[in-house]
Amino acid sequence: MSVLVYAEIGKGRVKKSSLECVNYASKIAQQTGSTVTAVVVNADDAQVAELGKAGATKVLRVKNDKIGSDSFLISAVVEQAAKAEGSKVIIFAFDIVGKASAPRLSAKLKAGLVAGAIDYPVINGNTFEVKKNVFSGKANATYVINSDIKIISLLPNSFPVQLGSGTATATDFNVELPASRITIKETRSNSSGGMIPLPEAELVVSAGRGLKGPENWKIVEDLAATLGATTACSRPVADMHWRPHHEHVGQTGVAIRPNLYIAIGISGAIQHLAGVNGSKTIVVINNDKEAPFFKSADYGVVGDAFSIVPKLTEAIKKFKAHQN
Amino acid sequence: MKILVAISNVPDTTTKIQFTDGDTKFNSAGVTMVINPYDEWYALVRALELKEANLAEKVTLIHVGLADSEATIRKGLSLGADDAVRVNAEGPDAFFVAEQIANYAKANGYELILVGKETINYNGSSVGAIIAGLLDLPFISLATKLDIAGNKATVEHDVDGGVQVVECDLPVVISCAKGMAEQRIPNMRGIMAARTKPLTVVEGNGSAPLTTVKAYALNPGRTTCKMISEDNLDELVNLLHTEAKVI
Numbered sequence: 000m001s002v003l004v005y006a007e008i009g010k011g012r013v014k015k016s017s018l019e020c021v022n023y024a025s026k027i028a029q030q031t032g033s034t035v036t037a038v039v040v041n042a043d044d045a046q047v048a049e050l051g052k053a054g055a056t057k058v059l060r061v062k063n064d065k066i067g068s069d070s071f072l073i074s075a076v077v078e079q080a081a082k083a084e085g086s087k088v089i090i091f092a093f094d095i096v097g098k099a100s101a102p103r104l105s106a107k108l109k110a111g112l113v114a115g116a117i118d119y120p121v122i123n124g125n126t127f128e129v130k131k132n133v134f135s136g137k138a139n140a141t142y143v144i145n146s147d148i149k150i151i152s153l154l155p156n157s158f159p160v161q162l163g164s165g166t167a168t169a170t171d172f173n174v175e176l177p178a179s180r181i182t183i184k185e186t187r188s189n190s191s192g193g194m195i196p197l198p199e200a201e202l203v204v205s206a207g208r209g210l211k212g213p214e215n216w217k218i219v220e221d222l223a224a225t226l227g228a229t230t231a232c233s234r235p236v237a238d239m240h241w242r243p244h245h246e247h248v249g250q251t252g253v254a255i256r257p258n259l260y261i262a263i264g265i266s267g268a269i270q271h272l273a274g275v276n277g278s279k280t281i282v283v284i285n286n287d288k289e290a291p292f293f294k295s296a297d298y299g300v301v302g303d304a305f306s307i308v309p310k311l312t313e314a315i316k317k318f319k320a321h322q323n
Numbered sequence: 000m001k002i003l004v005a006i007s008n009v010p011d012t013t014t015k016i017q018f019t020d021g022d023t024k025f026n027s028a029g030v031t032m033v034i035n036p037y038d039e040w041y042a043l044v045r046a047l048e049l050k051e052a053n054l055a056e057k058v059t060l061i062h063v064g065l066a067d068s069e070a071t072i073r074k075g076l077s078l079g080a081d082d083a084v085r086v087n088a089e090g091p092d093a094f095f096v097a098e099q100i101a102n103y104a105k106a107n108g109y110e111l112i113l114v115g116k117e118t119i120n121y122n123g124s125s126v127g128a129i130i131a132g133l134l135d136l137p138f139i140s141l142a143t144k145l146d147i148a149g150n151k152a153t154v155e156h157d158v159d160g161g162v163q164v165v166e167c168d169l170p171v172v173i174s175c176a177k178g179m180a181e182q183r184i185p186n187m188r189g190i191m192a193a194r195t196k197p198l199t200v201v202e203g204n205g206s207a208p209l210t211t212v213k214a215y216a217l218n219p220g221r222t223t224c225k226m227i228s229e230d231n232l233d234e235l236v237n238l239l240h241t242e243a244k245v246i
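If you read the sequences in order, they're chains A and B.
Note that numbering that gives the first Met the number 0 has the first sequence beginning at 0, numbered continuously upward.
Note that numbering that gives the first Met the number 0 has the second sequence beginning at 0, numbered continuously upward.
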């Protein structure tokens with residue numbers, strides 16, 4: 000009857016979004032007098048320990064090199080884990096993998112799914128009330144899950160990760176997988192230059208047409224490097240190939256919700272806001288004091304980005320030096 | 000090959016969102032409704048391109064909704080879809096919508112089912128994967144390129160941290176994202192033709208809703224933007240540290 004989490008490993012560590020899911024699941028487990036089991040593919044002992052610190056008491060370790068990010072296989076793995084554990088509550092991250100796998104599992108188990116939860120469920124007996132954002136972040140909706148088995152995918156960066164001193168017992172979990180019907184011909188990694196991938200980044204520095212050309216991006220990159228932030232861009236900039244497609248944030252690009260979003264030379268079209276308005280704090284730097292983005296910002300600086308951005312980088316360097 | 004394109008009827012992106020009936024319903028009064036952009040720009044236009052390249056015989060639109068969405072469906076027909084089906088039902092969630100589409104697809108046989116990567120009203124990114132799950136078909140999400148050769152689809156799609164090129168035998172369900180195709184504007188001939196294209200209405204037939212919406216609420220917008228002089232950026236850094244607590 001444990002609360003089941005599908006956890007993932009990325010770049011040698013348990014993904015932050017997975018740790019958030021384990022934290023979230025343990026809150027549900029506390030309320031329902033249950034425990035948290037994580038099912039994870041190809042995890043080592045250190046990663047099992049990390050899942051334990053986040054609140055899992057049991058880790059089902061699947062050893063398989065074929066699963067990758069194939070949602071067909073992932074939903075089969077989680078379905079079998081849920082059956083073995085008798086789980087009635089299953090948690091995914093609302094990321095690329097979770098968006099494809101959780102709905103498929105929902106179809107298989109006839110389980111109600113809330114995709115993109117932003118808060119803990121309110122539990123009344125066998126029904127869960129779960130809040131998620133709708134209308135591209137302009138509003139939220141409280142969903143009631145009526146089914147016996149419940150699936151929730153958690154919007155990344157909704158809660159800070161909390162690690163305690165818990166430990167998890169690891170069990171090897173053998174799954175019987177159907178043959179995938181999708182053949183991978185080629186995989187290309189985004190060149191992120193060592194930065195944290197955008198959907199997981201807590202700090203993001205983004206720039207738009209106001210920068211006038213791709214050759215001017217150094218000041219943006221310097222600011223991002225100083226902060227330890229990830230760089231992003233607006234749609235026109237990606238469309239003009241000034242910056243790679245995967246850096247495009249907004250409605251048609253990646254939707255992000257970092258703790259800090261610094262927008263430089265971006266006017267703030269509604270389509271851009273739809274992808275970033277979940278950010279906790281927004282700083283807008285623009286030479287047009289009438290730019291609509293200021294209405295959706297927490298802090299604003301009006302002026303020339305070419306003089307402001309390097310000064311901001313210096314101010315942050317000074318702050319960091321003082322911190323150490 | 001026959002292609003089924005699922006389209007949703009959504010408020011235009013610039014809509015000021017309001018609710019009614021004690022905050023339990025979206026208030027569509029005076030709101031401009033459009034085809035969900037991802038369904039239109041990417042899924043439908045790519046389907047039309049495949050037909051124009053003689054790789055598909057027919058492009059059918061399917062929409063789950065009430066009669067007030069017919070203008071949106073006609074817009075899809077004016078862009079070039081051959082015919083349309085409206086499942087006359089108002090679904091409480093993605094599962095209900097996907098179930099209607101899956102039922103129709105199963106009964107009528109489609110080799111390719113295309114959906115947008117998400118709808119801009121409910122943002123669940125769920126319908127495509129649920130259809131695939133119900134029909135036991137493969138699902139490829141966030142496709143940015145799609146080509147068909149014989150019985151095989153070659154798809155480039157976004158994955159965590161990169162891009163993958165995959166191959167898959169038809170039938171398959173694919174969710175479409177930016178890159179797949181470019182937005183088109185319907186021409187007068189298309190608009191005229193759309194008036195007489197077949198739009199079939201079938202009744203919905205679903206199981207009990209797995210989830211229902213209890214209430215909506217607007218997210219509080221940002222009220223005040225603190226303006227900081229460019230000569231006082233230490234103050235901005237200080238505020239980010241002490242007030243916003245983000246650095």
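Be aware that one or more of the hints could be misleading.
Unchecked claim - With a cut-off of at most 25 angstroms between alpha-carbon atoms, the simulated SDA-like pairs for lysine to any residue come out as follows:
| # | chain 1 | residue 1 | chain 2 | residue 2 |
| --- | --- | --- | --- | --- |
| 1 | A | Lys217 | B | Asn231 |
| 2 | A | Lys294 | B | Thr223 |
| 3 | A | Lys82 | A | Gly32 |
| 4 | A | Lys137 | B | Lys144 |
| 5 | A | Lys279 | B | Lys225 |
| 6 | A | Lys184 | B | Leu169 |
| 7 | A | Lys137 | B | Ala176 |
| 8 | A | Lys109 | B | Pro208 |
| 9 | A | Lys211 | B | Leu136 |
| 10 | B | Lys144 | A | Ser191 |
| 11 | A | Lys294 | B | Phe18 |
| 12 | A | Lys184 | B | Glu155 |
| 13 | B | Lys144 | A | Arg180 |
| 14 | B | Lys24 | A | Gly277 |
| 15 | B | Lys24 | A | Lys82 |
| 16 | B | Lys213 | A | Tyr119 |
| 17 | A | Lys294 | B | Lys144 |
| 18 | A | Lys137 | B | Leu136 |
| 19 | A | Lys279 | B | Glu155 |
| 20 | A | Lys107 | B | Ala207 |
| 21 | A | Lys109 | B | Leu136 |
Calculated directly from the structure, the hints in this document are not laboratory data.
All figures in this text were calculated on a predicted structure; none of them were measured in a lab.
A quick look at each hint next to the structure:
no., hint, result
1, A:Lys217 x B:Asn231, "holds, 22 angstroms"
2, A:Lys294 x B:Thr223, "holds, 7 angstroms"
3, A:Lys82 x A:Gly32, "holds, 19 angstroms"
4, A:Lys137 x B:Lys144, "violated, 30 angstroms"
5, A:Lys279 x B:Lys225, "holds, 15 angstroms"
6, A:Lys184 x B:Leu169, "holds, 17 angstroms"
7, A:Lys137 x B:Ala176, "holds, 22 angstroms"
8, A:Lys109 x B:Pro208, "holds, 10 angstroms"
9, A:Lys211 x B:Leu136, "violated, 46 angstroms"
10, B:Lys144 x A:Ser191, "holds, 22 angstroms"
11, A:Lys294 x B:Phe18, "holds, 23 angstroms"
12, A:Lys184 x B:Glu155, "holds, 10 angstroms"
13, B:Lys144 x A:Arg180, "holds, 18 angstroms"
14, B:Lys24 x A:Gly277, "holds, 23 angstroms"
15, B:Lys24 x A:Lys82, "violated, 36 angstroms"
16, B:Lys213 x A:Tyr119, "holds, 16 angstroms"
17, A:Lys294 x B:Lys144, "violated, 36 angstroms"
18, A:Lys137 x B:Leu136, "violated, 34 angstroms"
19, A:Lys279 x B:Glu155, "violated, 33 angstroms"
20, A:Lys107 x B:Ala207, "holds, 15 angstroms"
21, A:Lys109 x B:Leu136, "holds, 16 angstroms"
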